[in-house]
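Q: Below, each chain spelled out in residue letters.
2 protein chains.
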Amino acid sequence: MEDFEAIEDFMMNGHKVYLPHMSIECVVFGYENRHLKVLLVKLRNVGWGVPSGYILKEEGLTQAAKRILNERTSLDNIFLKQFHVFGDSKYRISKRDDEIWDRLPENNWLADRTLAVGFYAIIDCSAANIKQDILIEDYKWVEVNEIPDNLLLDHNEIIAEALNTMRKQIFNEPIGYNLLPEKFTLPEIQILYETVLNKTFDRRNFSNKLIAMEIIVKLNEKRNIGQHRSPFLYSFHETNYLNALNEGVVQAL
Amino acid sequence: MEDFEAIEDFMMNGHKVYLPHMSIECVVFGYENRHLKVLLVKLRNVGWGVPSGYILKEEGLTQAAKRILNERTSLDNIFLKQFHVFGDSKYRISKRDDEIWDRLPENNWLADRTLAVGFYAIIDCSAANIKQDILIEDYKWVEVNEIPDNLLLDHNEIIAEALNTMRKQIFNEPIGYNLLPEKFTLPEIQILYETVLNKTFDRRNFSNKLIAMEIIVKLNEKRNIGQHRSPFLYSFHETNYLNALNEGVVQAL
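In order, the protein sequence lines correspond to chains A and B. Each residue of the first sequence is one higher than the last, beginning at 1 in my numbering. Each residue of the second sequence is one higher than the last, beginning at 1 in my numbering.
Among the hints, a few may not be true.
Capping the alpha-carbon separation at 20 Å, the derived lysine to aspartate or glutamate pairs in DMTMM-like fashion look like this [as the list claims (entries may be wrong)]:
1. K81(B) x D88(A)
2. K57(A) x D112(B)
3. K16(A) x D112(B)
4. K57(B) x D124(A)
5. K95(A) x E161(B)
6. K81(A) x E161(B)
7. K90(B) x E58(A)
8. K42(A) x E194(A)
9. K95(B) x E58(A)
10. K81(A) x D138(A)
11. K95(A) x E59(B)
12. K42(B) x D149(B)
13. K81(B) x E161(A)
14. K90(A) x E58(B)
15. K42(B) x D88(B)
16. K95(B) x E157(A)
17. K81(B) x E157(A)
18. K57(B) x E106(A)
19. K57(A) x E106(B)
20. K37(A) x D124(A)
21. K90(A) x E59(B)
22. K218(B) x D202(B)
23. K81(A) x D88(B)
24. K90(A) x D138(A)
25. K57(A) x E59(B)
If you're looking for bench data, these hints aren't it; they were derived computationally from the structure.
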């Protein structure tokens, strides 16, 4: 009952607190050994999509994205990267006039034209502890190639664009850092990149390139994973890795 | 006089036509042999910045960016790439309260909190034909390392971010295509990349990399630029170039 009143209040009075016409949509990718997933949440009485919300009237955009993701899912300290503003599709140009919004009072601010700023993050989903808030009645991690095609509004397009951007930026953003342990084997980093990019690399070429670019360094340390099997461990070369990120691809020339 | 009335009308009634709280800012880079410049415009009675404007109530975001750049400068058919939303600085969180906006009537929509969507383009500025509209009283092309530090609002930050993004994306976006003739020499493409990236490349390594990645192909054709000097011509390998753009850096591994 308290929940119901809180939702009612958000619907009727949200425009006094939030900036209208612009939402934030958070695409959270989850990596776990050989699997790349995305976090979907079920908006109470509405349907499945990505966690989203509105910017407070005097709140920074980045801060808003963090707060919204935290409120919807309890995820905290997540590096969210802004990637695109959605303002071209029918959902983002006109007022919402589909069935879902019919239930809103006339001229309600939630049905107004709303552009969406997309943010993405990629986290280790085996360690993620999700708790829904009152707006959300359920959540699930779905493999990126098994996403249902009937998500809310343009959320399918938003996820596709996030995936596309993340794959292009994987060498420009500190993505590896938070998905691998401090010391890792060559197969571990190769499987991470292969899973995220959905392609296979030649084993020798892949590691040679990373080593030649001096992005990873071989440690004088091995991991025992079985009799006669003790591959060398590697770690990121912090300075070179951060330089490579700042310089972007240019590094490769 | 007519101009004055049009500006007055925009100030007083713009909010009836445009979406409030969100502007579009266009950073136009101009490349000309060994020079990288940016287009600055002088907003009538206000100051220097980049061409900007507001989105019409039922207009797509991309379409709005094209229209705004065209209205301010007459530039047409420009590939504008959305790169960032500015919503974290004091100019983008609070109402505008500096001197410039003191002249506006109280609660005027132009002084309201306004987030900005940045777009950038890079064009051959030797061919650009700029014409100002009524909001603009002057324009100039300024070398990117000679930009005055007192541009309007956060326009210095917006240009810096555009430059940073463009330099990271130069290998992921069709930037070379519109800045080089169809057939070019190796020094021409190297000078383009060196100028845009503000760094020098080893001559042999640079061309070997581009050729090895099969992004450019050597033509069976030379250009005569003097006695005993007739370098081979090259052109982009269209399929590989577009693939490289789609795949991003991954190509390099």
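Q: It remains to establish, for every hint, whether it holds in the given structure.
A: Hint-by-hint comparison with the structure:
1. K81(B) x D88(A): Judged against 20 Å, a Cα distance of about 14 Å means the pair holds.
2. K57(A) x D112(B): holds (10 Å)
3. K16(A) x D112(B): The given pair, whose Cα atoms are some 14 Å apart, holds under the 20 Å limit.
4. K57(B) x D124(A): violated (41 Å)
5. K95(A) x E161(B): violated (32 Å)
6. K81(A) x E161(B): With a Cα-Cα distance of about 15 Å, the restraint between K81(A) and E161(B) holds, given a limit of 20 Å.
7. K90(B) x E58(A): holds (10 Å)
8. K42(A) x E194(A): violated (30 Å)
9. K95(B) x E58(A): Satisfied, since the Cα-Cα distance of roughly 9 Å is no more than 20 Å.
10. K81(A) x D138(A): violated (24 Å)
11. K95(A) x E59(B): Holds. K95(A) to E59(B) sits at ~12 Å (cutoff 20 Å).
12. K42(B) x D149(B): Holds, at about 14 Å.
13. K81(B) x E161(A): holds (15 Å)
14. K90(A) x E58(B): The given pair, whose Cα atoms are some 10 Å apart, holds under the 20 Å limit.
15. K42(B) x D88(B): violated (25 Å)
16. K95(B) x E157(A): violated (33 Å)
17. K81(B) x E157(A): holds (18 Å)
18. K57(B) x E106(A): holds (18 Å)
19. K57(A) x E106(B): holds (18 Å)
20. K37(A) x D124(A): The given pair, whose Cα atoms are some 10 Å apart, holds under the 20 Å limit.
21. K90(A) x E59(B): Judged against 20 Å, a Cα distance of about 10 Å means the pair holds.
22. K218(B) x D202(B): Within the cut-off at roughly 19 Å; holds.
23. K81(A) x D88(B): Given that 20 Å is the threshold and the Cα spacing comes to 14 Å, the pair holds.
24. K90(A) x D138(A): Roughly 27 Å between the alpha carbons, so the hint for K90(A) and D138(A) is violated.
25. K57(A) x E59(B): Not OK: K57(A) and E59(B) at ~24 Å, beyond 20 Å, violated.
In this structure, the hints that do not hold are numbers 4, 5, 8, 10, 15, 16, 24, 25, in rising order.
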